[in-house]
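Put chains B, C and D on the given structure of chain A with help from the hints.
Chains as they are written, first to last, in this note's numbering: chain A, 1 to 259; chain B, 1 to 259; chain C, 1 to 259; chain D, 1 to 259.
For the record, the hints were derived by calculation from the structure and aren't laboratory data.
Worth double-checking, as some hints may not be accurate.
Copies of the same chain are indistinguishable here, so a pair counts whether it falls within one copy or spans any two.
[What the hints assert, rightly or not] Derived DSSO-like pairs (lysine-lysine); straight-line CA-CA distance at most 27 Å:
| id | residue 1 | residue 2 |
| --- | --- | --- |
| 1 | 70 | 103 |
| 2 | 169 | 95 |
| 3 | 54 | 218 |
| 4 | 215 | 95 |
Protein chains: 4
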Amino acid sequence: MDLGIRNRHAILLASSRGLGKACAESLAREGVNVVINGRTEKDVHDTASELAAKYGISASAVVGDSSTEKTQLLLLEACPEPDIILLNGEGPAPKFFQDIAEKDFSESLQKTLIGPLMFVQRVTPGMCERRFGRIVAISSAMVKSPHSAMSLSHGPRLGLTGVLKGLSKDLAQFNVTVNQLLPERFDTYRQEQMAQVMMQVRGMTYEEARADQVKSIKAGRLGRPEELGDAFAFLCSAQAGYLSGQNIQLDGGSYEGVF
Amino acid sequence: MDLGIRNRHAILLASSRGLGKACAESLAREGVNVVINGRTEKDVHDTASELAAKYGISASAVVGDSSTEKTQLLLLEACPEPDIILLNGEGPAPKFFQDIAEKDFSESLQKTLIGPLMFVQRVTPGMCERRFGRIVAISSAMVKSPHSAMSLSHGPRLGLTGVLKGLSKDLAQFNVTVNQLLPERFDTYRQEQMAQVMMQVRGMTYEEARADQVKSIKAGRLGRPEELGDAFAFLCSAQAGYLSGQNIQLDGGSYEGVF
Amino acid sequence: MDLGIRNRHAILLASSRGLGKACAESLAREGVNVVINGRTEKDVHDTASELAAKYGISASAVVGDSSTEKTQLLLLEACPEPDIILLNGEGPAPKFFQDIAEKDFSESLQKTLIGPLMFVQRVTPGMCERRFGRIVAISSAMVKSPHSAMSLSHGPRLGLTGVLKGLSKDLAQFNVTVNQLLPERFDTYRQEQMAQVMMQVRGMTYEEARADQVKSIKAGRLGRPEELGDAFAFLCSAQAGYLSGQNIQLDGGSYEGVF
Amino acid sequence: MDLGIRNRHAILLASSRGLGKACAESLAREGVNVVINGRTEKDVHDTASELAAKYGISASAVVGDSSTEKTQLLLLEACPEPDIILLNGEGPAPKFFQDIAEKDFSESLQKTLIGPLMFVQRVTPGMCERRFGRIVAISSAMVKSPHSAMSLSHGPRLGLTGVLKGLSKDLAQFNVTVNQLLPERFDTYRQEQMAQVMMQVRGMTYEEARADQVKSIKAGRLGRPEELGDAFAFLCSAQAGYLSGQNIQLDGGSYEGVF
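Next comes chain A alone, as it looks inside the complex (with noise of 0.2 Å):
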């Protein structure tokens, strides 16, 4: 399928690994320039030539937290009119309701809410005028089923699916869509890490642990970053201008409700 994006440019927060690469791939594939960004250098500037490399587009590394005016700027300076953005950023570890302090709750939704705001806020009115933009946040499984230990990610990020809901109407109009992935435990270094804590705080292997971790999920294995970075790429597509506003759960088919 031919994705009509060929020679666009796009803006990848937080793509160095995980997901997110998992996303700047998929889009370079399919021909389009991107802009890496992370907070580790070396693997934001090896995630750029690698895909330089194997896809023969121009990829650009912009080291710094996404989330700050600094970052921002400097990822515009790299791509100033770019067509495509993913918003995407590291979730906070959880935390019991209760010791959740102030700050903790200010500092999260700065970093998950205010931040990717502040950034689509930057980007839009190029996109509109130009006729053509594809926003797509990775969000979290857990924005439609919350649990409160997590409250420092579910909060922030319902409250960013709102906003980018309400502004996907505005948009709709200029072929500019906004819309997000709720992913439910994909095999990235995020699980690698929980499968090590669960191996020392319940004593338990490492087959148990990465066991473990998949019995919630009805489709029985861990999602592959490949397949998210194929609906990311998907959603960015020339023919998915009339897609907009969508909140699309890849979680191996495991959420209870039917909306």
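Leaving out everything else, chains B, C and D in the frame of chain A:
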């Protein structure tokens, strides 16, 4: 119907007028002792006196911004063991999405999301211990159908919705329920104010402005504050202990969606 | 709380026992005259007599399957101008999806979807004319979180949910509201029956079977029928005229989803 | 993007024209062999011939009403081991709720709910055994935002939505996914027909009628059938195996609700 809450104690944030006052009055009528709160000293005292006199309950007055630690501690001083909590607060003014500054977001998030959650942290341990709690937030119909000009309202409110939902799952076992009411277009001072704005901005007569407010409401009228007050009182009743985690729209049947 | 419906008239389908009876009792307590319906003659008459004697209201008994035209006409003969309607009926037994025959579907759709809608057609014109109507259906929590073995239940019920929602938008202007209650695990004869089945099939003791029923309920207990009855009565109240098109879960806070 | 489904086999109900044909074409382009179905012999054969010639795949033609056992058996004869199923069918005409007869409901339920489910029963065991299946239904945006005049459409369709969701949870472990597309206002013969009706009934010019159809669409245009076809093809792809139980609106960003 006997709501089974006579002599219980309630703290109602932002309850000196409008929907918050209606909630206080519905509880007072059922014999609940109330703490009235608001930022305008006279309004707070007047409402407390009025309800105490009219219903023979005890009504305290705590003046201050309920999203601050200082006021929250005063509220708990006035009522150390609340059985019922109303989370309520004035919403922000509309603002074009592109005009919203970082500071607007952080202020609104502090007031509408962080502040209420800090208060919830303060009251839930006691409620769980005493095996009774009713937490109800007055949110907005917009958390389900957002418009970009109200991003400062539905962003924080939807974040709150998610955190409260996650929390409700933990608290159910202690007979502590958490629910939200989602009003749209009630006949309060706010609609009066908006009518005045429309008269000036659009050159409408008062009658035209008021008629215009009703256009989007399928019931063909504004809601009456006491209708919301009584729905609130029902959610606070002893017999509503099995009803938790719900978001109930009070919108004259106007919402488009099935769920 | 005065529900403002003294001397009104209600027809309650499938109300001779269980949740339907609890609804009838809550209305009778508020001074509403009721028509009791069910398929077991003795139960219907006993319930009608009991409520009439206990609450001093008028209670008629109409025996028959309420999804049939014949019984619907008898119900309207007993109460030609109903103000309140309870849509209720026994659900079908579980069945593996692959074992469901066409006939199973058409029977269940007739009973659970078509029958109730035909009754709604019969009563709404009068309600609109008289400018008061409260239509409430007891549906099931499964309409939001379906499991394949209950397809004969949630399929028709979800269809009904959609039609009632569409209808609620037309009726709001006439002070006719349409809402649903979505119960999960109430302490009725049905859970008794299921406990018996579990004792036989899984070799559990009665206590184990009853404990097992509570496992999935976050409140840690079954619902009490009178809790559902009172929620129903509130939805039928005069002051609930601005609340329509809602699906309220009564599930001990168990549903995973935010909305 | 390589969808990984070359040489797979698909049965597409109601695919001789409109959205169904667009789905067939998107699959054919990806190298999938298709069975075309419809009730008009010439259309079915023409579409099959056209796709076979254009894309070099095998395309069979099965004429008949796909909700009947007879046609379903013919479809499975033409393609005994389908990997992909499109559930699709013409919707009923609008009808005032009060004018809908029992027979209207039972006919529509047979066509739109029971028929498709019987077909799903026929194909899922084989899909599970072969560890690959993609079931996609073209539903309607109205299943999320129903209007009473379309009760014969959204009633059955919402019932189907629920049953398919329940089923999707069982099938995920076998790499069999079940999803729905919810279109609103695509540029097919149906909108042409409706424009003709509006010209006659409301005395509009053709241009006015077409403009009117776009008014409620936030994208400011009708959807293009090939946009739906490609979304369908993506859902059928090998890499969409972790995406199941979703209802994706293709409505130009028009739906009001967050979820």
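Hint check results:
1. 70 to 103: both (22 Å within a copy, 16 Å between copies)
2. 169 to 95: between (35 Å within a copy, 16 Å between copies)
3. 54 to 218: For residue 54 and residue 218, the Cα distance exceeds 27 Å both inside one copy (34 Å) and across copies (39 Å).
4. 215 to 95: both (22 Å within a copy, 25 Å between copies)
Comparing the model with each earlier hint shows a violation of hint 3 alone; every other hint is respected.
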